[in-house]
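Chains as they are written, first to last, in the working numbering: chain F, 1 to 347; chain Z, 1001 to 1217; chain Y, 2001 to 2441.
Bear in mind the hints are in silico, worked out from the structure with no lab data behind them.
Hints may contain errors.
List of simulated lysine-lysine pairs, DSS-like, C-alpha gap at most 27 Å [to be verified]:
(1) Y:K2181 to Y:K2112
(2) F:K338 to Y:K2385
(3) Y:K2322 to Y:K2357
(4) F:K338 to Y:K2009
Predicted, not measured: the structure shown is a model, and the values here were computed from it.
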Amino acid sequence: MSSARMAWLASLGLLPAAAWGLLLFGPPAAAVLVVSIAAAAACELAVTLPRHGYTLSDGSAFFTGALVALMMPPAVPLYVPAVASAFGILVVKQTFGGLGRNWMNPAMGGVVFSFLSWPGLMSRWAAPLGSAAAGAEVPPLEALRAALAASGPRDVTPLGVLGRAGYPFSPMDASAVGWVNSHVLAPLGAALPQGSFDILVGHVAGSIGATCVPLVVAGAALLLARGVIRWHLPVFYLGTFALLSLVFGGLGTGQGWFAGGPGFHLLSGNLVLAAFFAAPDPVTSPLTDTGRLALGIILGVLTFLLRFFGSLADGAAAAILLGNCISPLLDRWLERRKSRVMEREAA
Amino acid sequence: MTDAGSGPIRPAAMREAPAVLLLLGFLPSVVVAVRVVDALWMAAGVLLVSIGSAVARSLLDWSSGSPGASTVGQTARWLRALVVSSLLTAAFEAALLAVAPAASAALGIYAPLVAVNLLAVGTDAASPRPLRAALGALHKGAWYAAGLVVVAFAREVLGAGTITLFPAGGFGGTIVVSALLDQPVRALGLAGGGLLCMGYLAAAVRAVSARKTGRST
Amino acid sequence: MTDTTKLPKGGVNPPTELPGPRDHAIVNAALPNRAIIPMLQHVGRPAICTVKRGDTVSEGMLIGRADGPQSANVHASVPGVVAAITEIMLASGERCEAVHIDLGGSFQTSGKPRTARPWKSLGAPELLERIRAAGVVGLGGGAFPTHLKLARTPGTCTLLAANGLDCEPSLGADDALLREKAPEIVEGIHICQALLSPGRTVLAVSECSADLVPELERVIRDAGVPAQVVVLPARYPQGHEQLVVAALEGRPPRRDPSSVAVNVATLHAMFEAVVLGRPLIDRVLTVTGTTVARPHNLKARLGTRVGDLLEECGMDPARTAKVVLGGPMRGVTVDSLDLPVTKATLGIVAFSRDEAKAPRETACIRCGSCIEVCPWDLNPTRLYKLIRMGDDSQAAVEGLGRCTECGCCSYACPSRIPLSAVLGDGRRRASALGNGGGRNV
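Isolated chain F, as found in the complex (with noise of 0.2 Å):
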């Protein structure tokens, strides 16, 4: 297993919540991910060509671009996602060294930088295909914050909100959920809400491979299995960001403990596939299982702040830059105590 065969893996991670994407929102994602991803071989042949010779087959920058692409919102200009990967590949990684020497992970600069630099392109979202119901274009999480905002009923579930705000759900969503409900849940006396299967499944507007959380674990799977990433950043972020918007999710928007809608966070935004791909990048999380472990909590502690107290309607990204900050500190704190360990052997 060596590091090039480690990041070919890592995209073909990607593959599964890539494919989807493709899938639901046709060929302008086609058109964003060549793009993106061209951007960031080019750019990094232009560096490193002249140098070290030919990097491209370390699969680091193909795993950039395809990431950049798939944080992407549909029907963005291409030359938004030109630009993130650029910055990632030039500013973020081949500035302060090249592989391995980057401080902070380039496929979320990249991100941030389009965040910050393009906000209203960066919300250029498309109704998946099959949906033609006005405001199907519009993610279920930013469709929240708008719904909360306009008239937030006290007591009820995101996805219940959604529904009471008309948000156009599928067909095939009704029955589904309408037959879970009536032959699984009805005698526990139990039901799902509406729109629990267009979430689930991924159908709904979003960015182009975030939207189907279970491709995306599927992928990450394949990772875990072969120890190209390790599962304690991934489990404590998304435990740790779950815990926290099941007690405290609720109370900005007044429906008070313990009433967050966990599960429709988890299922919404870019959550998953940051804590997944981006933030267990090797080069920017600490070196030791226990630092992993410990960064999980803080990014799920961010991100958790992040979504529900900040202007942003998806703190991943952002939250995963602050924890790159963060690592180094993780590191050197392991290593100290390592030391005094040593140093009291040695007396």
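Model the placement of chains Z and Y on the given structure of chain F, informed by the hints.
Only chains Z and Y this time, still in chain F's reference frame:
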């Protein structure tokens, strides 16, 4: 930091309160250098005040009879430089308000930070000859101005799609870069973008000067 | 009574594609026509040559006298005539004198039964003298003079560990000795106990030798030697003496003066020295490799040419690109097959062209694999960076001295950075010792 960019930071000043000085020194550049015209006014202020205080200090040294020697202690020397540059900064501010009120409003509270930039630019003993002192200050101030304007130019063109200069005659003062006006790269107009531009400028200067001296960076 | 304890941390499981001759009995290697016997086969000062060209030597005759206390005797492994005394370069790069003996004459002692000498009434000094006279050194690769290692005040040793684990994957000499020479090894343990009076005695064996445990316990019981047999996992580098002791005491590894670990081959040599009066003139080593047709545990006379042993085991020179003395993880690559087998030679491994290809080194991606596998709880990537930046002293502060160059970090690194080699170099520079942890040649 090297000679260009947000202002050369002298080791002496750094020892006194490095973090605070760095912050105050960065602030004007990061916040002000977003439009070319603001950067030009800021640079004008720094130039005028630094030349003025260099001349004033050299005259004071001359009059106290011992150029460069320590009849005046270090702290006193520092305080004296502070008072002189503060006075001159206040004068500059007042003059700006009179001459170009719009610019004064644009610079806002960052105009007085000219004084802090000067502390950063250098409080070492000015040459005893006023003319030489003035030329030295002009040299340093010109580098500061150049750096500031370059950064402001990059940030305005890419970050806002315009180039704002002094209105003159029929020229309204704003050149528009039409390709970028619609969707400029707004991130460069933010503080982070400012630091990014300053960083690259500093790196470029360092690379060029290293090549001149034959060292590798 | 047996129980299984584990490596406290780290270690790797290299795939044992190399045919491991664990099922192969020990075979006597062919005698060398010319034996080249170096004066330096141990840690310490080289022996002083006591013969000259043209002398006739008998089997087992002293040909090199220990030079002072930190040295060991060297004996002729075959009878014959001294053909030459030259300076040779060992695989480690050191130079020393070597005596070339052309085989001839009769074997005084081989093939004839030896009478066992009584030893139980002897005191420590006499026992140590018998060991010293025979030139016994650590045969597990350390090559430290055994009479020095075992010269201690009685009562200072809390644990005596007989190390029956082959320290490298694909080497099987210790396992073979346990199978065939258990009574002799146990008597060696008994001799150590007489010298050290340890609080606890353990015979540690690898999982691969676990089937031997009942037999070993029987031999121990029959000999009346108070000892316990413990099975340790086969993970590399569990066989390193610090890790054996650490596993037995249930704590992290460190240099520990209160415990003594002796390799079973050394114990066997001690038995031969003390009981049979036979000097150290041969050793069991493993010859293996993918290009070796008949891998074996060979009992070879010291001074046998490495190339001859490889030939005997059917190495294919056309397919072999690299030969290593020692084991696949820590062994030293040799560029000449004319080198002799010495007391420190654990094995000879031949590699094919594909196996020997040096992988392309890429940038460190800070994956942390090296930290995970380091059995000594070091931070190899950080130490590597410190050494590359020239800061050997800071690296020493951060634990570089504990590095034993086991090679686990290099093995685990996905960027194929030669961490272990760089760390080892740095350690030697920082400590300015000749060869910190024994020799493998």
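To see whether the hints hold, each was checked on the structure:
For the given pair, K2181 of chain Y sits about 18 Å from K2112 of chain Y by alpha-carbon distance, which is consistent with the 27 Å threshold. For the hint pairing K338 of chain F with K2385 of chain Y, the CA-to-CA distance comes to about 17 Å; that is within 27 Å, so the pair holds. Annotation: proposed proximity of K2322 of chain Y to K2357 of chain Y holds, straight-line Cα distance about 9 Å (limit 27 Å). Between the alpha carbons of K338 of chain F and K2009 of chain Y the distance comes to roughly 14 Å, so the proposed pair stays at or under 27 Å and holds.
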